[in-house]
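J.: Sequence:
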Amino acid sequence: MQHTYIHEVVARDGLQIEPQFVPTGQKIELIDALSDTGLAKIEVTSFVSPKAVPNLRDAETVMANIKRKPSVKYVALIANLKGAERAIAARADEVNLVVSVSETHNRANVRRSTDASFEGFGEIMRELERTGISVAGALSTAFGCPFEGGQSSGRVLQFVGRYVELGVRSVTLADTTGMGHPKQVLDLCSAVRERWPELELALHFHNTRGMGLANVLSGLAAGVQHYEACLGGLGGCPFAPGATGNICTEDLVHMLECMGYTTGVNLDKGRSPRPERPPTCTRFPAGYTDSIWGRP
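Reminder that position 233 of the sequence shown reads as 612 in the numbering used here, one-by-one numbering, no gaps.
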């Protein structure tokens, strides 16, 4: 059986757009509970301006008080050198750089051009060399932008190449507002894997148009093993019109295990630490398939 790796983003992507600030203690409790479920990575927070993302203004406190498990990578999203310095001080296991394929979205998201973002990433890589912190790169709006529309596959591949030139070994293609479709995912992921077969490629989908899990199937067909997902299907980008939730971790794990993939994620433990509001996933009201059919 092929193994797939789940990267949980509820504490960062899931909570950043919530209408009310989630208390710091609840965030820590949520992350600690998730640490027991067998997830490969947990994105804990982002080190960005608290004015831009006030819901994550407690980033240092959260990172300092979670109970870390050796089997889990605790990740922080950053956009500039100041964020990298904060992540180093907070002892993040990994930092996730982020740039948008769309020039317009990048200026809305991080207030700089895409070229300026990559120039800054060079500084960050030099700063991180001495720390042992691993680096991943994310490409927002890789499958479409709410401001500019479709993004060419050539531009996406160019941006992947710029990450690779910097020494980044893991890149996430993010469908920031759920504009991608299965054929697009298959074609783009196949092109990336053909050009950079050693690159750890991950996918991040939103379920805006109901195609999130269908896009995962296309990713699997292209050989992608790493997927970001969000407990309860929460989340969305605060700088993108029409942003809706991520694909739901519970639904993703359930689908993969039904198909014979292994995830290492304990679904029973995964039931308890969900945020206290109605989730958008379907697995909660429907229950587990094996509770109806029995395990094969």
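Everything labelled a hint here was simulated from the structure, so no lab data went into it. Where a beta carbon is used, it is the ideal one built from N, C-alpha and C, also for glycine. Check the hints yourself; a few may be wrong.
As a list, the in silico SDA-like pairs of lysine to any residue whose alpha-carbon atoms are at most 25 Å apart [claimed, not checked]:
(1) 562 to 578
(2) 562 to 546
(3) 448 to 486
(4) 430 to 381
(5) 448 to 436
(6) 430 to 486
(7) 448 to 493
(8) 452 to 588
(9) 452 to 508
(10) 562 to 545
(11) 448 to 464
(12) 448 to 407
(13) 461 to 412
(14) 448 to 636
(15) 448 to 431
(16) 430 to 448
(17) 562 to 596
Simulated restraints on C-beta separations [what the hints assert, rightly or not]:
(18) 544 to 468: 23 to 33 Å
(19) 543 to 405: 31 to 41 Å
(20) 593 to 470: 16 to 26 Å
(21) 408 to 643: 21 to 31 Å
(22) 511 to 544: 36 to 46 Å
(23) 544 to 402: 34 to 44 Å
(24) 403 to 638: 18 to 28 Å
(25) 461 to 639: 43 to 53 Å
(26) 439 to 415: 16 to 26 Å
(27) 415 to 574: 30 to 40 Å
(28) 494 to 428: 34 to 44 Å
(29) 461 to 402: 38 to 48 Å
(30) 494 to 382: 34 to 44 Å
J.: Next step is simple, just say for each hint if it's right about the structure.
T.: Results of checking the hints against the structure:
1. In summary, the hint linking residue 562 to residue 578 is supported, as the alpha carbons are separated by about 21 Å, within the 25 Å threshold.
2. In summary, the hint linking residue 562 to residue 546 is not supported, as the alpha carbons are separated by about 29 Å, beyond the 25 Å threshold.
3. Distance check on the hinted pair: residue 448 and residue 486 sit about 36 Å apart at the alpha-carbon level, beyond 25 Å; violated.
4. Straight-line distance between C-alpha atoms of residue 430 and residue 381 comes to about 43 Å, which puts the hinted pair past the 25 Å bound.
5. Our distance criterion of 25 Å between C-alpha atoms is met by residue 448 and residue 436, whose separation comes to about 24 Å.
6. Between residue 430 and residue 486 the CA atoms are separated by roughly 16 Å; this keeps the pair inside 25 Å, and the hint holds.
7. This hinted pair does not check out: residue 448 and residue 493 have alpha carbons roughly 35 Å apart, beyond 25 Å.
8. Restraint check for residue 452 and residue 588: the C-alpha separation of about 31 Å exceeds 25 Å, so the hint is violated.
9. For a cut-off of 25 Å, the pair hint linking residue 452 to residue 508 stands: about 18 Å separates their Cα positions.
10. At most 25 Å may separate the alpha-carbon atoms for a hinted pair to count; residue 562 and residue 545 exceed this at roughly 29 Å.
11. Taken as a hint, the residue 448 and residue 464 pair is honoured in the structure, with Cα atoms around 23 Å apart against an allowance of 25 Å.
12. In summary, the hint linking residue 448 to residue 407 is supported, as the alpha carbons are separated by about 14 Å, within the 25 Å threshold.
13. For the hint linking residue 461 to residue 412, the alpha-carbon distance of about 30 Å lies beyond 25 Å, and the restraint is violated.
14. About 24 Å separates the Cα atoms of residue 448 and residue 636, which keeps this hinted pair within 25 Å; it holds.
15. Among the hinted pairs, residue 448 with residue 431 is inconsistent with the structure: their alpha-carbon atoms are about 30 Å apart, more than 25 Å.
16. Simply put, residue 430 and residue 448 have alpha-carbon atoms about 31 Å apart, too far for the 25 Å limit, and the pair is violated.
17. At roughly 10 Å between alpha-carbon atoms, residue 562 and residue 596 fall within 25 Å of each other, so this suggested pair holds.
18. Between residue 544 and residue 468 the beta carbons are some 28 Å apart, a value that agrees with the proposed interval 23 to 33 Å.
19. Between residue 543 and residue 405 the CB atoms are about 38 Å apart, so this pair conforms to the stated range of 31 to 41 Å.
20. Evaluation of the 16 to 26 Å hint for residue 593 and residue 470 yields a failure: the beta carbon distance comes to about 38 Å.
21. Taken as a hint, the range 21 to 31 Å holds for the pair residue 408 and residue 643, whose Cβ atoms sit roughly 22 Å apart.
22. Between residue 511 and residue 544 the C-beta distance comes to about 22 Å, which lies outside the given range of 36 to 46 Å.
23. Taken as a hint, the range 34 to 44 Å holds for the pair residue 544 and residue 402, whose Cβ atoms sit roughly 42 Å apart.
24. Judged by the Cβ atoms, the range 18 to 28 Å given for residue 403 and residue 638 is violated: they are separated by roughly 38 Å.
25. Checked against the hint of 43 to 53 Å, the C-beta distance between residue 461 and residue 639 comes to roughly 45 Å, which is consistent with it.
26. At roughly 24 Å, the beta carbons of residue 439 and residue 415 sit within the given window of 16 to 26 Å.
27. Range check, residue 415 to residue 574: about 38 Å between beta-carbon atoms, so the 30 to 40 Å window is met.
28. Taken as a hint, the range 34 to 44 Å is violated for the pair residue 494 and residue 428, whose Cβ atoms sit roughly 21 Å apart.
29. The supplied range of 38 to 48 Å is broken by residue 461 and residue 402, whose beta-carbon atoms lie about 26 Å from each other.
30. Residue 494 and residue 382 have their C-beta atoms about 37 Å apart, which keeps the hinted 34 to 44 Å range intact.
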